[in-house]
Structures are given as structure tokens and as C-alpha cells.
Amino acid sequence: MKKDFEIISMLAWRNVWRNKRRTILTLCTIVVGCAMIILLNAFAKGGHDQMIEDATGLVMGHIHIHEKGYWENKTIDYAFEADESIEKALSSNTHIRAYCKRIMCDALIAKGGTTKGVMIQGVEPVCEKQVCGLHKCIIKGRYLSDSDSTHAVIGATLAENLKVDVGNTIAIISQGFDGSIAAEHLTIAGIFKSGNPEYDKFLLQMPLKQADETFSMMGYIHAYVIKASRIDNIDAITSSLSKKLQNNVEVLGWDRLMPELVQFIIMDDVSGYLFDLMLFLVVAFGILNTIQMSVYERTRELGIMKAVGTTPGQIVALVILETFFITVIGVLLGVALGAGISYYFTVHPIDYSQYSEEIAVWGITTTIFPATVTIANTVVTAVLTMIVSLLFCIFPARRASKLHPVEAIRHI
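The working numbering puts the sequence shown at residues 220 to 631.
FRET-style restraints, in silico, Cβ to Cβ: (1) 438 - 463: 14 to 24 Å; (2) 345 - 593: 27 to 37 Å; (3) 291 - 454: 14 to 24 Å; (4) 492 - 359: 38 to 48 Å.
In case anyone wonders, no lab produced these hints; they're calculated from the structure.
All residues carry an ideal CB built from backbone N, CA and C; glycine is no exception.
Please model the entire structure based on the sequences and the hints provided.
This is the structure in C-alpha cells:
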């Protein structure tokens, strides 16, 4: 049995190179198909990761810890006490790069006869810079510092609507945590332009200590905002913290904070999978055509083999091994090419900073488009290519095994 397999394997290998031109063309199809699938999936993964970073990097953060019910209601009442046990859990988690505390509420802001609704965030300036990047978007004045008290930074659109500039004083009024009226005069320290219309039109940040005093929070906060060391670690962090923290708080990853972005990524993934399917079919039909032509050209030879005692099972094994050899060579070369190109764009991402002004109109602040090559993507592509190719070779293999020796030998 072992000797028969060795003979069939040797014949299959020789048959692969019988028509070198056709084999090389088939290999090119497999190599290009595999490489394109790996490269496109790497760009999709890199693009999605960059999209998540863009969406969470300015203000949102990767993970929030809230009082249960806060994210659904977003009112000042859903606050919890900043607890040492929470901060200990955050500090001990090696996947967490940084975290900060926030007070968040809605308020009215007034200047002269103009009044606007705003979203106020009380932040720790130094910690906030480690978690989010809004401080990089300051276009006038400066960002907040720990020494500030009644200072604030506001969005460019909000400043334009209120007709205010750096150094001007604005008034805010809202409800306090204790039910009282909260009011304060703030001096504008800086104006930011994030590229996100929502933030530029409605966001105001002030020092956490002053927010605690203004809104009578008594040491209570609305959120811990967390920055993960890597996007891929977010699920592990949320799972770990959910098990450690008290029942009155909930840990929400970016996917629960921004469900619209999740839906967009899912839709983009589906379209990507459909394109991958098309490429797999191109590869499979290329192999099917090669094997069918090979079987057709060797009809007489296969008839002689059956006449001298070769079993239908051995004929099937011969055709499948031919397909296997061609596919393995093509997949190895395709994986090497696709992973190599993907890695290059991981190290040297596409930079379209020269178009930064044009794309800023669409709210896109990043000018880098990276590729992220993963072992899972590479292995899945290789395995699926092998499976699809071997499935498509079954038809010509069965056809070859059912040849009638006499009719096959007469075939010209």
C-alpha cells in the first residue's frame, strides 16, 4: 500500500510538470489570488483598527466604567464614588496604558444674548492627555493644566456661534448632583478643532476639581476612561474588570459605546468577504480548468493504466495529488508574497497627508492608512484555498476514475 502511494505520488509530481506552461499559469493564478486576499484583508484590518483609533482617540477612549444605567440615560444622577479598589484594578492590569476620571453632564452656555446647549466634561488635564488626544487639536490658546480653576476649552464651531475668543468669559448653568442649581463663569483658555462636528459644536472641557465644586459632585464621578495598550486587548480588559469590580458599575468597550461604528465595520467586512469569495472562485476555476485539460489530454494514458489494473481509487488519488501539489506550491508562494507586501505596509503605512485639508471636510483627522497582517488571516487564507481547490478537483477526478479502458485507449 505504501509503495503504491509512493508510485502514485511520483506520477502525480511528474504530471504536474508535464505541461510547464499551463502549470506556471495556474500557479500564477493561485499566487496572485492568495496574495490579494491576504493584502486586502490586511488593509481591511488595519483600516478598521485605524478607524477605531480615530473614533476613540480624541475624546471617547477605548473603555468606560460607568454607574449602571448612565450610558442609556446620560444624566448627572448616575454617578459613583471614585474608589481605590477600582483604581487598583486598573493600575494592576498590564493591558491598560492609561486611565482618567471624568465628570460629564449637559448644560447651557451663555455669552451676551446667545445661549447654547453643551456637553461638559470635567477632566484631569495631565491624565486626559495620556488617554485622549483632544489637546493636539488646539488651534488657539492652550489646553487645560492642573493649575487651572475656572478655565475651559471649547470647540471652534461653538466659539464661532457664541462669538467668543480666547480670554473671554462665558457662563454655564445646569443642575447639580444634589439637585441644586449649578452655575459658573469660565474663562476660555483654548479653542480646539477636532474635525468631528459633534465635538466642535457641543463639547466643553473644564478641570475636574472645578467641575466637582461647580456641580456639587462631592467626590463622585461619572466615568473612568481607559486607553488600552492595543485594540486587540480591549475585550480581555473589559472581561477582567467586569469580574473584579462591584455590581453597581458596568464596563463598556468601544463596541458598546459606539454601536454605529460596529455596524459599519460589519457591513464592510461582509463586502470584503464577498470579494474574497470571488477571488477564491477564480483560483478554484483556474485549477479546475488545468486538471480537466490534464485529464482530457491523458485519456488514453489513463485508459491504459486502468487496463493494467490501476483501480478507480488510485486514479482519483492521482488527480487529487496533482491538484494538491500545484495548490501547495501556489499557496506557499502566495502567502509569502501577500504577507511580505502586507508587512511592508505595516511598517510603511500609506501616507496621504498631502490631502489632509481635503479629507478634513469629511471629519477624517488621520492621514495614515496602515495594513495589519495577522497569522489568523494568513492561515485561514491558505487553508481555504487548499480546501476550495481540492473540492473543485473532485469532478475531474471522478470523471477520470469512471473511464472505460477500451474507449479511453481508442481516444485520440
